[in-house]
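*Asks:* Respectively, the protein sequence lines represent chains A and B.
If you count the first sequence from 1, position 88 lands on 99 in this note's numbering, and the numbers rise without skipping.
If you count the second sequence from 1, position 33 lands on 38 in this note's numbering, and the numbers rise without skipping.
Capping the alpha-carbon separation at 30 Å, the derived lysine-lysine pairs in DSBU-like fashion look like this: (1) B:K61 / B:K47; (2) B:K61 / B:K73; (3) B:K109 / A:K91; (4) B:K109 / B:K61; (5) B:K61 / B:K76; (6) B:K109 / B:K47; (7) B:K47 / A:K91; (8) B:K47 / A:K90; (9) B:K73 / B:K109.
Since the hints were made in silico from the structure, they are not lab data.
Model, not experiment: these values are computed from the prediction.
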Amino acid sequence: SQTIHQWPATLVQPVGSPLSLECTVEGTSNPNLYWYRQAAGRGLQLLFYSVGIGQISSEVPQNLSASRPQDRQFILSSKKLLLSDSGFYLCAWALQGGTEAFFGQGTRLTVV
Amino acid sequence: GESVGLHLPTLSVQEGDNSIINCAYSNSASDYFIWYKQESGKGPQFIIDIRSNMDKRQGQRVTVLLNKTVKHLSLQIAATQPGDSAVYFCAETYSGNTPLVFGKGTRLSVIA
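Based on the provided sequences and hints, a complete structural model is requested.
*Replies:* Given below as structure tokens:
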């Protein structure tokens with residue numbers, strides 16, 4: 012069966028520090044991968060998605076970047092965090108040409 | 006911006022009553038819709054889906070209705086239980102090759 016791992020679960024970082032959140036998927040090959048952000052009490056905003064290794068599409072201009080160095084690994088990064096980067100970050104995967112997205116448990120990022 | 010929205014941001018129901026959560030979508034090209042349930046501090050979990058060639062689909066205690074004429078989606082939960090308390094999101098996509106677009110969510114509170 013397929014599983015998705017996302018870590019860390021919680022993270023407190025100072026303004027201006029770098030960020031690296033990692034997400035890995037097991038049990039499937041060549042998945043579509045997604046990073047969403049959820050502000051408190053709000054919906055899910057798509058940040059990045061990837062249909063293959065090295066292929067990244069950005070949905071909104073921001074202080075973040077994403078990379079896919081391996082088929083089942085998706086990384087969300089920032090060189091210098093801003094207070095506005097605080098939120099709940101969710102990684103998800105879906106089958107190529109599929110529909111349903113499967114979510115990880117999320118990372119609660121607080122920038123102080 | 007988001008193309009999927011919700012009529013009711015919060016909903017309180019008595020335990021045992023039926024719940025109806027509504028969603029409006031704006032992209033008439035969307036052909037696949039999903040309802041997700043998100044419990045506090047967790048990633049969204051799939052509840053039920055429906056394709057645009059259907060107007061109703063039933064699961065265990067849940068029913069999704071799709072009205073393409075008015076671009077409206079609803080989730081009905083029968084005999085609502087305390088464990089149903091969560092935030093519910095509708096999401097849409099086109100042919101599974103575009104990332105899911107989520108609505109803002111409705112918080113369902115079940116009163117025991």
